[in-house]
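These protein sequences, in sequence, are chains A and B.
My numbering numbers the first residue of the first sequence as 459 and each following residue consecutively.
My numbering numbers the first residue of the second sequence as 459 and each following residue consecutively.
Hints in this document: simulated from the structure, not taken from any laboratory.
Each hint should be verified, as a subset may be incorrect.
Because identical chains share one entry, a pair is satisfied inside a single copy or across any pair of copies.
To be verified - With a straight-line Cα cutoff of 27 Å, these simulated DSSO-like cross-link-like pairs (lysine-lysine) come out: (1) 546 x 526; (2) 514 x 526; (3) 491 x 462; (4) 526 x 462; (5) 526 x 491; (6) 462 x 546; (7) 546 x 496; (8) 526 x 549; (9) 514 x 546.
Bear in mind the structure is a predicted one, so any value in this text is a computation, not a measurement.
Protein chains: 2
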Amino acid sequence: MTDKLTGSDRDDALAPLLANGWTVQDDRDAIHKEFVFKNFVQAFGWMTQAAIHAEKLNHHPEWSNVYKTVQVTLTTHDADGLSPLDAKLAKIMDDLARTA
Amino acid sequence: MTDKLTGSDRDDALAPLLANGWTVQDDRDAIHKEFVFKNFVQAFGWMTQAAIHAEKLNHHPEWSNVYKTVQVTLTTHDADGLSPLDAKLAKIMDDLARTA
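Starting from the given sequences, assemble the full structure and let the hints guide the process.
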């Protein structure tokens, strides 16, 4: 069981993500970001790196891919909303995209 | 440029796919299938195999993944509809899923 982010913990966790292109969804307590790469190999290569980290965290994204674009939504079903795991995976994804 | 499937070529190409769980979309000339695996590693492993084949064909899916489920839509933008490449990639995906 993962605790839902609330109060100042939530603000502190979200601030760097919102500054980095993530947005909070209107219709559910989840964050979303669109990643655009040079081509399919770059996009799917990044997904593969992120997938391995997701499995290590036992926390998996909802994501879709069309050629060089990947749409990612993160939320924690156990917590019925955003948890520290979402912030952690979002940061990993951003870090991986920077070096992709 | 890839030619759009028409007439009996289209029927012949689609028949085995429709018999295997693919459906033609209502709103566009595309085929869709949901693949469900045992877990995330199996699902993403299958995606990785399919991604390599897609890149070899230079024909890429629209797909989304949530944990053990992968939704796939295939169409050919150049042809403004279904082409032989979609039938080819769909069959490869089915074959890979059988051995996953």
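- [ ] Provide an ascending list of the numbers of those earlier hints which the structure does not satisfy.
- [x] none
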